[in-house]
Amino acid sequence: MAGVLGATRDWELWSTSCRLVVADPLTLADATALVDDELARIERACSRFRPESELMTLHRNEEGAADLSPLLAKLVHAALVAARESNGAVDPTLGAVLAGLGYDRDIADVRAGVERKPLVVVRRHAGWRSLRLEGRRLLMPPGAQLDLGATAKAVAADRCARLVHEQLGTGVLISLGGDIATAGPTQTGGWQVTVQDLPCDVPQQITVHDGVAVTTSSNAKRTWSQDREPRHHLVDPLTRLPAAGRWRSVTVVAPTCLRTNTATTAAMVKGDDALPWLRSTGLPARLVSHEGALVTLGGWPREVAA
Amino acid sequence: MSSTVDTTNQPGTDPRRERARSTRRVGRLRATLVGGAALTSLATAGVIAATTGSDATASGGLSTSDATSSTRTSTHSTLASTGSGEPHATSSGS
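Listed in order, the protein sequences are those of chains A and B.
Going by the numbering used here, the first sequence opens with residue 6, and the numbers climb by one from there.
Going by the numbering used here, the second sequence opens with residue 262, and the numbers climb by one from there.
Treat the hints with care, as some may be off.
Derived contacts from chain A toward chain B, CB cut-off under 10 Å, selection only [claimed, not checked]:
hint, residue
1, R24
2, S58
3, K79
4, G93
5, Q201
6, D206
7, W305
Simulated restraints on C-beta separations [what the hints assert, rightly or not]:
hint, chain 1, residue 1, chain 2, residue 2, range
8, A, R137, B, G346, 29 to 39 Å
9, A, L246, B, E347, 22 to 32 Å
10, B, G346, A, R46, 42 to 52 Å
11, B, E347, A, L63, 16 to 26 Å
12, B, E347, A, S135, 41 to 51 Å
Don't read these hints as lab results, they were simulated from the structure.
No residue lacks a Cβ here, since even glycine has one placed at the ideal position from N, Cα and C.
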């Protein structure tokens, strides 16, 4: 698609909707190739659902240390940054917990009931503080299983936007599921983003400026059932169960998707404690409760009737 | 759908300034609730098409109405403003 928006490509990846927008339509093919290559590299590095990925084939020595590729080391570093900034609400050591809850394959296969597995209660997890990353060497305790899903997707969006802008010189927006990263200018003075989680929600359109990211986290989309219990993918490290807080979706604006995703995921997990925590970050945020009540803070653009 | 604008203060404020600010904030909060009610009725009717106004106003549209948090918030207030025109993308959960 071309026009005032530039050129656009939509596709499905990782069981979610993706979009690439370039301000210069002539760069779309090259941008597509760059993005596809980068996303494939990230998937090979850290997919929990590919048995041959680097993450799933990590070889730890007797001391529990594994030497990571430069890319996986960056992804683990990003996950640890998110854990620290969220006070542990975003924890990369929940891999076994998620698998025990039934999310051990692509979500489409989980929903389809392929090899449906009963509940496996994981009574403890290693916790992010048990990890130590020294350069490219990762030390982790026996049995620790990493899940980099949330932060890796965010980092992927950030990396792809930066890559396309640096290599091709065009303004670019990339959306990977709930993570939207931008780099470089548009022709129209800002990137227009509609914030709307479910079709029944009232949409709000905002303008984000060059190099700004937007993430929405929601517990209404990536869902499945296990032993007739509803599940979603945002797990509270304290309970090791899907977060049961008051928010259905949280949207945050920040300079990078890593920061926005960390903030939205943490807010979903923190529930009632999300507001004071988000306030402490100063980031613009929009929260929607299960009942549809809307709360905005941190300078979120005003929502008024047309 | 109801709409609430968070106006909670940041800690560490001057008590005298805070009292004066609280008095002003009551007025803002009332106005906010009025605005929220209007928004709710219009939202139900499905007529909200776009948003306008990105500055703190008497109708209490922004949390930046809290002067204590304005320093912190002003750092980020330029990250996003109200939008218009054809959207490039939709932000929703994955």
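Going down the list of hints, with the structure as the test:
1. R24: holds, 5 Å
2. S58: For A:S58, the interface hint is violated, since the closest Cβ of chain B sits about 20 Å away, which is over 10 Å.
3. K79: Result: violated, 21 Å to nearest chain B Cβ.
4. G93: Violated, because the Cβ-Cβ distance from A:G93 to chain B comes to roughly 22 Å (cut-off 10 Å).
5. Q201: A:Q201 check passes; min Cβ-Cβ to chain B is 6 Å, inside 10 Å.
6. D206: holds, 8 Å
7. W305: holds, 7 Å
8. A:R137 x B:G346: 29 to 39 Å: Violated: the Cβ-Cβ distance is about 48 Å, outside 29 to 39 Å.
9. A:L246 x B:E347: 22 to 32 Å: Hint violated: Cβ distance 41 Å, outside 22 to 32 Å.
10. B:G346 x A:R46: 42 to 52 Å: For B:G346 and A:R46 the Cβ distance comes to about 35 Å; the hint is violated.
11. B:E347 x A:L63: 16 to 26 Å: violated, 45 Å
12. B:E347 x A:S135: 41 to 51 Å: holds, 48 Å
When the structure is compared with the earlier hints, violations turn up for hints 2, 3, 4, 8, 9, 10, 11 and for no others.
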